[in-house]
Structures are given as C-alpha cells and as structure tokens.
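Chain by chain, the residues run as shown.
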Amino acid sequence: MKISVNTEIALTYLSSRKKQTAVAAMGVMFGISMFIFMQSLMKGTNDYFEKSSFSTTAHIRLYSENKVADAHMLNNFLKDNSTKILTNPKQLKQSQGLTNPYGIIQNIRENPQVVAVTPQVTANVIYASGSVNINGTVAGVSIDEEDKMFDVQSNMKEGDLHDLNRVNNGLLIGKGIADKLSLRVGDNITVRAGSGSPMIMRVVGIFATTIKQIDETKSYANIVQAQNLLGKDRSYVTDIKINLADYNNAPMVAKDIETITGYKAEDWVQSNEQLKAAFKIRAIILNSVIGVILLVAGFGIYNILNMTIYEKIKEIAILKATGFSGKSVISIFLQQAVYIGLMGGIIGVIFGFLITFMVSKIYIGAGTLKYLPMSFYIPHYIEAVSFGILTTIAAGFFPARKASKVDPVTIIRG
Amino acid sequence: MENTALKTTNITKYFHDPVTIPVLKNISLEVKKGEFVSIVGKSGCGKSTLLYVLSTMDRDYEGELEINGVKVTGQSLNNLAAIRNESIGFVFQFHYLLPDFSCLKNVMIPGLKLGKFSPKEVEERAYEKLKMFGVEELALKKANKLSGGQQQRVAIARALINDPAIIMGDEPTGNLDSRNTGIVFDLFQKLSHEYGQTLITVTHDEDFAQRSDRIIEMADGEITNHGHK
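If you read the sequences in order, they're chains A and B.
So the first sequence is numbered by full-length UniProt numbering: it starts at 1 and just counts up by one.
So the second sequence is numbered by full-length UniProt numbering: it starts at 1 and just counts up by one.
One thing to keep in mind: the hints can contain errors.
In the DSS-like style, the derived pairs of lysine-lysine whose C-alpha atoms are separated by at most 30 Å in a straight line are [said to hold, decoys possible]:
id, chain 1, residue 1, chain 2, residue 2
1, A, Lys402, B, Lys131
2, B, Lys142, A, Lys327
3, A, Lys19, A, Lys405
4, A, Lys180, A, Lys370
5, A, Lys312, B, Lys13
6, B, Lys32, A, Lys312
7, A, Lys51, A, Lys175
8, A, Lys90, A, Lys148
Pairwise CB distance ranges, derived in the manner of DEER restraints [as the list claims (entries may be wrong)]:
id, chain 1, residue 1, chain 2, residue 2, range
9, B, Gly115, A, Pro112, 56 to 64 Å
10, B, Asp186, A, Ser15, 32 to 40 Å
11, A, Tyr310, B, Asp220, 33 to 41 Å
12, A, Lys276, B, Asn79, 57 to 65 Å
Honestly, the hints are just simulated from the structure, not real lab data.
All C-beta atoms, glycine included, are put in the ideal place defined by N, C-alpha and C.
Given these sequences and hints, build the entire structure.
Shown next as structure tokens:
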C-alpha cells in the first residue's frame, strides 16, 4: 500500500515525539478502558437484576382485572345523542377466573415469540399450624413448567419439588412460613382459602428466594389442589404466565395478547417500574462519568497537538511554502490525532477487558450473588473505540485548523 | 508572450503596522523564461517583500501577478499551493529544513506531494540533486545534525526536486563560503542556460549579482533600474 506524504509526515512527527505521543495515547487508553469497565459493570448489574426479577415474575402475566363502570349500558338503554356522565363510578367485579383458559393458552402458544405458557391458580389463604395463623398465597401450578420458567429448583433448601407431583396434597412452602410455624419437611399444615373449607396439606419442600416477603407468604401446590382449595372446577385458572424468547419484546407482545384475549396482560416492565428507574439512574451516572473521562482525554490530545503546532510553526510555514495546501496541513495534524486515538483505543480495549475480567472475579457473596456481575458484551468495545476516536478527532480538529491557517510569509520573514 | 515566465502589473503593497506605509510602489516587471535575474538594493528597499509577492505566498497586495501566462492574483489558497508545489522552487534566507526528517526526505517531500513520479523515482531524483551540491553522503542524516552551509545546500536541492519553472532565492548563498557560493552560482547558471529554468534571487552579494544575466535595482519600493542589457 502506498502511504501518502501527509501520512508519512504525521507518522514522523508522532515517532519523533514518543513521550508526548505515549502520554496522549495513555489518556485515551484510560478513557476507553474506563468506558468498557463501567459499561460492563452496569450491564452486568442490570442483567443480574433483570434475571433475578424474572425468578419471580413472568415476562407477561395475563389475568382478569376488575373494570371501572362506564356509560356503555346507559347508551344502550337510552339510545339518544346526549352525553352521559357517571359520577363517582365504581369498580365492577369481574369473575376472578379466565374464561376458556386452555383455549387462550392454545392461542398464545401460536405466537412465535412465546417460548413458555403455563396456567396458575392463585389463592389467598391462611396457613395454620397449632394455634398460629399467617396470611399468604398459594400458587397452584404445574411444578415442572414452573421450574422451567423460574428455576424453582435453585431456591430449594429442603425436600424435593417433584414430590408435588407424587404426594397428593403436597405443598412447597417458603422458608419464612416454615420458620414462623416451625415446620419441617413431612409436617402437616392447615390451609384455608377464603371461600373454601380448610385442607390439611403436607410440606414436601422448603424454598428460599432472596426476597423475604415472598418467603414469608408464598407456597406452591399442584394446580388441582389449589382448585380444590377454592372449591372450583378444573377449568378455573386465575393467571396465565408467559415467557418470551426475548423479554425486551414483552410490552409489544403483551399489547397483542391483550387485544386478542380481552384480559389484562401485564408485562414485566409494568410490574417492575422501580427496576427500570434504577436502570435509568445508573445509565445517567455512568454516562456522566464516561463523558468526563473522555473530555479529559480529549483535552490532553488538544493540549499536546496545540503545543506541537507552536513548536512546529516554522515547519508548517515551510510545508506551505513548498506547496502544501491548508487541507494537507489539516490532514497531517488530524491524522496525528487519529493515530493517537487508535493507539489508545487498541490498548484501551485490551486493558478494559483485563480490568473487567479481574473485577468479575471479586467475591461478593450476598444472597444468590456470588461474584460481581460483569458482562462481556462486544458492542461495548466497539462503542468505546468509536467514542474514543470521535473524541480524538474533535480534539485534534481545532489545533489542526489553526495550523492550516499559519501564514508562511509572516513566519518565514520573522 | 509565451516567452514570459513572470510578469507583474502595477504591484503596490502597504505595511500597516505601526502605520500604513507603502513598501512597493507600482512595480511592473517582466522576467523571461531561462533568465537569471538578481534583485539588489539596500536593506528595507522592499526587495524581499517583492520576492514573497512573486512567490504567491504573500497575497496582500494590489496589482496583478502572472506566472507562465496564468493570472495568479485572486486564486484560491489551494490553487496557489498547487502552483507553488509544481512551478516554484523557493530557497529561504535561513535554510529551513524539517529537523525531524532525513536530508533525503526533506528533498523528497515536495516531490512526493506533487505525485508526478513514483516514490522510488522521487528518491532517485533527490539523490541526484543532493549529488549536484556534493551533499549526497549526508542524505540519511537527520537535517538538524547538519552545519548551516550543508543545510542550505540541501534546501537548494529541495527547491529543485520538481524541476520548477521558476526558482526563487532569498539570499540563497547567505550562509555559504565563497567556494560553495561558486558551486551554487555555477549550478544556477547551468539551470537557466541549459535547462531553461528561470531564476530570481534577492542578494546582497555584489559578485553574485554581477555575474547573473540581469540585475534589477530597487530603492524605496521602486525599481530604479530594470537592468536590460
């Protein structure tokens, strides 16, 4: 490949000032490696929280929601054009269960984005053992599918979750319930739903999530048992839980399902708004830190190029006298900036990866979190390099333009 | 007309600092192709200023400048740079080499910029030019390691690399001893007489001026003698 004169001059200038070049490249390197490190940490953390929220919530939950009374019936009855206003409208109680749940499930399965669908019967219950009562909810599920969607197995402390399929009236209880009622695997527990009669069930397993509130209230039963508990038939289903191939599509798919079924489809974004807020805040903090780092690196390059131009003002005048145009001079100095950026960028990527890798080995050991969550996400590296090079070009442009405006006559004549 | 290398019409230039004074007054001048012209005059008479106007680097003047029959007054900076690169070789009063580069590279750079020859050919030509001034053994040395006289000779070699139509020198032999001045003068004469290149030099060196084809005398911003023989 033929190297142009401008490039040759730019490279010679860089190599004849190795120290300055190295310092400038180091500034860029720090900027870029910090960029990668922070991005990796943030994405890792976000991914971790997202994942842990999916250990309890499905991507989409379909359920029947009470509706606010509207003027629909009035319009039907009066059949005139007057505007009807309902003052103080009340919630209309809808039936708790979904109509034709298995038809709906069949329907939802046809959506190509959906990877898992499972029905659930949720029952508010009172657990009792001895003379102590506590409130909670029983989730009537097919435990195998539940395990596939939420990895229940990883939370199991005692017992075997598959016993739910084997033991007729088995129950998996949260660790909080077990502690409060001093229950162990194999013990009996009385469960009473609001409208049904009390049932004696057997504890077949104990689980612990990282969320105390869940551990103190939630239990799993076979879906049939939950229906029995509520005194309902086999077609009674309160929720349908849906997981997608890509959870980022949840809001869109939820809307589709809502229009098809007419029931409320709540996506995980709606049920985890505090999570989204935390993501946003972290993103702002991160971006401002990165912005400052790159700004500082940019000023480093700006300074060094500016100094170079003061030192080389005579040489710039000669170049111009011998036929280099302003454009060529800009190209010479801008190229220097770009090479500094590239050098810093390449080392920065390596360095950034190393920091990320080392930090990902720091032991945390809180809850289910063993190591600091770091993500190794290629686009971060590409972004970092492009931001780095953009910064260096911006920082190099102003000194380069200044150099291009040097008037050879005033410099050469002195 | 096609015999004219350079022509000025009524060039007038002012210095504005600290007060506005005219340094060049209505200079009309014609230099033929292949002519070897010396411009002489006392310090401050405006001869260097005139040379910088002729070189196209100084654009702050009134009047008109033509080089090789093309009007250059009012052309864009980029065009002027291209004209300088191709048709004007300039030797400065102080040698002015690029210190980070070898002598060879210094000579080559305007040639590489022009791009008329391949880098390899440019290198060969640069060696040739250096040989003409007896500094070829310094070719690979860095420019800032050379003595003043050596640098000046390299600078002259650089001015010749593109075989420019016009070579301009501002005291081109100012840093040379009499032996080297002689070498340079002989070369200049050869360039003008054998290769048809035009030479315009500003000089204080009485001998040097006397031996050139034509002496233009200046005083107080005016040409007092066009020196047509």
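Verification of the supplied hints:
{"no.": "1", "hint": "A:Lys402 to B:Lys131", "verdict": "37 Å, violated"}
{"no.": "2", "hint": "B:Lys142 to A:Lys327", "verdict": "27 Å, holds"}
{"no.": "3", "hint": "A:Lys19 to A:Lys405", "verdict": "27 Å, holds"}
{"no.": "4", "hint": "A:Lys180 to A:Lys370", "verdict": "28 Å, holds"}
{"no.": "5", "hint": "A:Lys312 to B:Lys13", "verdict": "29 Å, holds"}
{"no.": "6", "hint": "B:Lys32 to A:Lys312", "verdict": "37 Å, violated"}
{"no.": "7", "hint": "A:Lys51 to A:Lys175", "verdict": "21 Å, holds"}
{"no.": "8", "hint": "A:Lys90 to A:Lys148", "verdict": "40 Å, violated"}
{"no.": "9", "hint": "B:Gly115 to A:Pro112: 56 to 64 Å", "verdict": "59 Å, holds"}
{"no.": "10", "hint": "B:Asp186 to A:Ser15: 32 to 40 Å", "verdict": "39 Å, holds"}
{"no.": "11", "hint": "A:Tyr310 to B:Asp220: 33 to 41 Å", "verdict": "36 Å, holds"}
{"no.": "12", "hint": "A:Lys276 to B:Asn79: 57 to 65 Å", "verdict": "59 Å, holds"}
The earlier numbered hints that this structure contradicts are 1, 6 and 8.
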